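Novice: The residues making up each chain are set out below.
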Amino acid sequence: MDRDDGARRRFLQRLIVAFGAPVLAACERLSASESFARVLASGETLSREVARLVGRRAMAQEFGPEDISPSFRSNGTAEPDTDAYRALSAGGFQAYSLSVGGLVESPRSFTLNALRALPSRTQITRHDCVEGWSAIAKWKGARLASLLDAVKPRPEARYVVFRCADPMEENGTAFYYESIDLDDARHEQTILAYELNDGPLPVANGAPIRLRVERQLGYKHAKYVMRIDLVESFAGIEGGKGGYWEDRGYQWFAGI
Amino acid sequence: MDAATMSGEGSRGYRRHAFAVRIAHWVNVLALAILLMSGLNIFDAYPELHWGRSSYNGREAVLSIRAEEGPADTVRGVTRVFGRAFDTTGWLGVAHGARGELEARAFPAWITLPDDRWLAMARSWHFFFAWILLFNGAFYLAYSLVSRHLARDLWPDGRDWRSIGASIVDHLRLRHPTGEAARRYNVLQKLAYLAIILVVLPLMIATGLGMSPWVNAMWPGWVDAFGGRQAARTLHFACAWLIVAFAAVHVFEVIVSGFWNNLRSMITGRYRVPDARHGS
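Which chain is which? The protein sequence lines are A and B, in order.
Residue numbers for the first sequence follow our numbering, beginning at 1 and rising by one.
Residue numbers for the second sequence follow our numbering, beginning at 1001 and rising by one.
One or more hints might be untrue.
Stated by the list, open to error - Below, in silico cross-link-like pairs of lysine to any residue (SDA-like), each with a Cα-Cα straight-line distance of 25 Å or less:
{"#": "1", "chain 1": "A", "residue 1": "138", "chain 2": "B", "residue 2": "1211"}
{"#": "2", "chain 1": "B", "residue 1": "1190", "chain 2": "B", "residue 2": "1156"}
{"#": "3", "chain 1": "A", "residue 1": "138", "chain 2": "B", "residue 2": "1219"}
Just so you know, the hints here were simulated from the structure itself, not pulled from any lab data.
Just so it is clear, the structure is predicted and the values come from calculations on it, not from any experiment.
So that you can see chain B by itself, here it is in the shape it has in the complex (with noise of 0.2 Å):
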């Protein structure tokens, strides 16, 4: 409250995220992005996404994004959907290596760490920051569940469930809380924050896992239980794209709802609440 009266806003400012939160935001920040771009180095390495336990078992990859001879000693980026091909030169299988140039690789280096298709450092890179993103979100879960932050910001109460209609029709029309309402997550941005932290980091780490042959010794239920773990890697594979999907979705509507304001919000805690005469 401190910065607020300083700043001459009297109570519309006030701290928005507790400093737990702030941390393991920004550690989940920098561990998804390097564990999203050493895993696109890791893809290179066997471009190819199969369904089931084996990927030798006659059937045709899900995906596949590989370099391939086209007519006249030219070579194309060839990415093949569920057995449809698609010319992705330049952009997939023949795309932009880290010095510019048009090479055979899945992904372009600007994406991937390190930018060179470099199996065992890209390997040590992802194990690490797994390590980091596995202690961030124990870290998380345990200060949100003792906080009461989880029951009392991101759980949906009834009042939520009711306002689900309005606020989509809100997020089409890009029309933001204002005031009293500005100081708690609607309802679609609980349930997006609720489905990352409990469906899909967790489906992240379950079925990155799942791929350890060390892990499915231990427990063979556990890769089972994802289809074999061919399946676990074409479904981890999957999950960092939703992952990549939700961090585009949030990082504009952190823009269009007032990017300085949300941003510091997330750095020092303290959001100002949007002025309620200036909404509709």
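Pulled out of the complex, with its shape left as it was, chain A reads as follows (with noise of 0.2 Å):
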């Protein structure tokens, strides 16, 4: 009995050091791997599924005046460092136009009046940042929705992709784009938003238009929009994930 005891204590002893102090390491060397992300990103691939299942056309909650922030913050781009917008901005963006092409049977493009004269709607959303903060302000903006009517998607178009002004990187490269599907799209939440609290959109969150598609992660919120495709897959944009951050391992599928 003893001896047996003992060999047991000796085998278990040799498990918890076999398993114990390598996973960690393992962990790390697994973080790294390509296929071992693919296979984390089958939770994200769950998750899609099942919000697609059970909320397909679930509104975002709105809130009330009261709870609107002191101050809505900016983060990623504060001002797109290029000359081409320093134009525009300076022009107070009356050079300023949206065109929305791909796979659409009538493209053209939208200049800010024109947007204006779309149907609107307001709202009070939160705004969920990916990092883990939240602020709750006041948006105006035109629907996507009836911004696709007039363009009419054809059939084989899947998503939307949205085309920014800000450069990622310093030398002036890497413009931010992002990507929703046509749910999204056509959500009665989802506007191309230029008021931000009562006043024009500000520099600072996305002049003169930013995407809000409430029931995601606000890096989905496209800001500095400048041009719209439709588009039947990824397949040869930028990385081909959908999104700038997409691109850099963030899921495609941000309403988690």
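Two chains, two separate frames, one set of hints: put the complex together.
Specialist: Here's what the structure looks like:
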């Protein structure tokens, strides 16, 4: 009995040493591995499918004026560092035009006034950053669904890609971009916002136009939107993952 | 019983933990360890906790762990709890990174996953193992209800409630049941397990989902029940440390009440009942 116990004891000791210490090192190696990243990404796929299944038409929570945060934090780019943007901004965005193309029947451009003429929606919503903070603000903008109706997406179009004016690299490259699917694009609360808290959208928050896609995290809400393309897939677009941060490992479905 | 008979222990050895319970236990250990460590990495992206719906409501953070400039170009780790500042340089705020040097980070590298500050990868780990925890918990609860493990082994009966005072004294004196009494969980053990299984872990999952903007859209009452999204984040953090505290006490009790016997019973199932004559 004693010998038996001793053997078991040694076995368990070895078990703990064998699995305990190297587990952490293994986790770090796994983090760097492409194939394991795909395993972990299956968690995201599951979240996305469940979300689509049970909450396709769910409306994001809206708040009262008393909930509005004293100031709305600017995160990421605070002012796009390009001559083209500075010129637009200096001219009060009078020269701004949003071009909408890709897989659509009638591609066209919208001036700021044309966007303001589209059916609009005003909403007080909570902005949740992937970092963890939240801020509540009032947004007004053109419904993306109305804009899509105007350009008539072709049947094969599956995603809406937003191209932005802000370069993410100091040398003026890697312009921000994002994408959402047509469910989110046609959602009632998905707007191209031109007003924040009853004033014109400030440069720090994405002037003249930023996307609001209220059921997802902040990085989906592309600022400084200059062009919209309807596409069938992300293949061939930048890193191929559907967004600037997605190309850098963040989840495309940002509902979690 | 075979193993016990073979090792000459007769009826004093028995199968303490069912296979399903053992599997669920170790899956939980793995999932909770990864969730804690990846969670602390996620926390570091915004190392502040607030109460309410937004983080910018004019009120001070409940907790913040930040690196701040000190005198003469030094950087100090400052932890603020309800506005009171503590210098935690070397531990929190300014802590040891993956390569051992001090750097600005909420928690030291040895307790975060990945070891470097890497929000995207930490989120991937976190949400994958959150599903594992959820499935494992559902499997365990279903098994425990159907097999009556919950009712038979975990739910305190009248005798348990009457023994609660004696059990507290026994725990404080590190005195452990022997003989027949060692075959069942004591009342404090039952209450601790039930609190974790039925309260803290479900609260952990519920406050976690409460931070999801999509879940907020589906059921706005969910996040409001916790006092808003930032409050849910604060509760999620607090629950994580409750689980750590439980694990610390649990491992301590496992060690002092017969480490190898307890550990073996959770691996092979076999538990040797401590001899009554060694007891008091």
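Novice: If a hint holds in the structure, say so; if it does not, say that too.
Specialist: Against the structure, the hints come out as follows:
1. Our distance criterion of 25 Å between C-alpha atoms is met by residue 138(A) and residue 1211(B), whose separation comes to about 20 Å.
2. A distance of roughly 7 Å separates the Cα atoms of residue 1190(B) and residue 1156(B); the hinted pair therefore holds under the 25 Å criterion.
3. For the proposed pair residue 138(A) and residue 1219(B), the alpha carbon gap of about 21 Å is at most 25 Å, so the pair holds.
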